[in-house]
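Q: Sequence:
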Amino acid sequence: MFCRMFPRVLKILLLVLFAEFCAWAYQTTLPPPPTKLGSPDGLPLTSPRITLRDGRHLSYIESGVPKDVAKSKIIYVHCFDCSKYQNPFTFAASPAVIEELGVYIVALDRPGYGESDPDPKRTVKSLALDIEELADELNLGEKFYVAGYSMGGEVIWSCLKYIPHRLQGAVLISPAVNYWWHNLPSNLTNEAYSRQLQQD
1 MFCRMFPRVL KILLLVLFAE FCAWAYQTTL PPPPTKLGSP DGLPLTSPRI TLRDGRHLSY
61 IESGVPKDVA KSKIIYVHCF DCSKYQNPFT FAASPAVIEE LGVYIVALDR PGYGESDPDP
121 KRTVKSLALD IEELADELNL GEKFYVAGYS MGGEVIWSCL KYIPHRLQGA VLISPAVNYW
181 WHNLPSNLTN EAYSRQLQQD
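Going by the working numbering, the first residue of the sequence shown is number 1, and it counts up by one from there.
Read the hints as simulated data drawn from the structure, not as lab findings.
Glycine included, C-beta positions come from ideal geometry on N, C-alpha and C.
One or more of the hints may lead you astray.
Pairs of lysine-lysine residues, derived as DSS-like cross-links and limited to a Cα-Cα distance of at most 27 Å, are as follows [said to hold, decoys possible]: (1) 125 - 143; (2) 143 - 161; (3) 71 - 161; (4) 121 - 36; (5) 125 - 161; (6) 67 - 161; (7) 71 - 143; (8) 161 - 121; (9) 143 - 67.
Simulated restraints on C-beta separations [stated by the list, open to error]: (10) 55 - 16: 42 to 48 Å; (11) 55 - 85: 22 to 28 Å; (12) 124 - 41: 32 to 38 Å.
The task is simple: from the sequences and hints, build the whole structure.
A: And the structure:
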């Protein structure tokens with residue numbers, strides 16, 4: 001009787017061992033649990049952050065002249081796969097020119113990038129409100145400039161739409177923009193569309 005049951009027991013045993021092996025293999029492919037930035041077991045913070053009204057943190061760095069003597073204050077927004085450190089005002093502009101013009105620059109990590117917390121409820125409007133809140137927290141005054149490179153242009157467009165009363169000016173550097181986006185101000189889209197080359 002045992003001899004007849006042995007192949008069946010062996011099959012069940014092998015099946016259980018195979019299932020255990022698969023479970024072990026799956027567990028080894030899982031990433032480690034996330035650690036909170038700035039916590040004892042997490043990465044250290046390397047730059048200042050503000051706490052936004054919804055509890056998230058927004059990281060930034062300051063460069064240029066001190067803000068209390070600045071003639072122009074600029075908030076710079078980075079592109080898709082960059083961070084606050086890829087700022088053309090600090091690596092491409094001459095420090096002498098920045099000082100001569102009296103420019104103060106704040107470069108921020110967009111939500112979910114670098115040392116800024118992700119924003120699971122992010123909208124086009126919330127990006128503009130984050131910029132406004134950063135300006136208020138840093139006491140940049142009633143009006144300031146915004147500049148965005150590539151995908152950072154999306155944030156600048158949202159600032160033009162939702163906080164135009166706070167802007168002294170806006171700079172779009174090689175923006176990734178859909179000129180037919182229905183929420184862009186029509187006067188801006190008409191002007192941008194009319195400047196495109198015919199083959200575009």
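Q: Indicate, hint by hint, whether the structure satisfies it.
A: Consistency of the hints with the structure:
1. Between residue 125 and residue 143 the CA atoms are separated by roughly 18 Å; this keeps the pair inside 27 Å, and the hint holds.
2. Taking the CA atoms of residue 143 and residue 161, the gap is about 15 Å. The hint holds against a cut of 27 Å.
3. Between the alpha carbons of residue 71 and residue 161 the distance comes to roughly 25 Å, so the proposed pair stays at or under 27 Å and holds.
4. For a cut-off of 27 Å, the pair hint linking residue 121 to residue 36 stands: about 19 Å separates their Cα positions.
5. Pair hint residue 125 plus residue 161 holds up; C-alpha atoms about 8 Å apart against a cutoff of 27 Å.
6. For the given pair, residue 67 sits about 26 Å from residue 161 by alpha-carbon distance, which is consistent with the 27 Å threshold.
7. Annotation: proposed proximity of residue 71 to residue 143 holds, straight-line Cα distance about 12 Å (limit 27 Å).
8. Pair hint residue 161 plus residue 121 holds up; C-alpha atoms about 19 Å apart against a cutoff of 27 Å.
9. With a C-alpha separation of about 13 Å, the suggested pair residue 143 and residue 67 falls inside the 27 Å cut-off, and the hint holds.
10. Checked against the hint of 42 to 48 Å, the pair residue 55 and residue 16 passes, with Cβ atoms roughly 47 Å apart.
11. The hinted range of 22 to 28 Å is satisfied by residue 55 and residue 85, whose Cβ atoms lie roughly 25 Å apart.
12. Range check, residue 124 to residue 41: Cβ separation about 35 Å, and the 32 to 38 Å hint holds.
The structure shown violates none of the earlier numbered hints.
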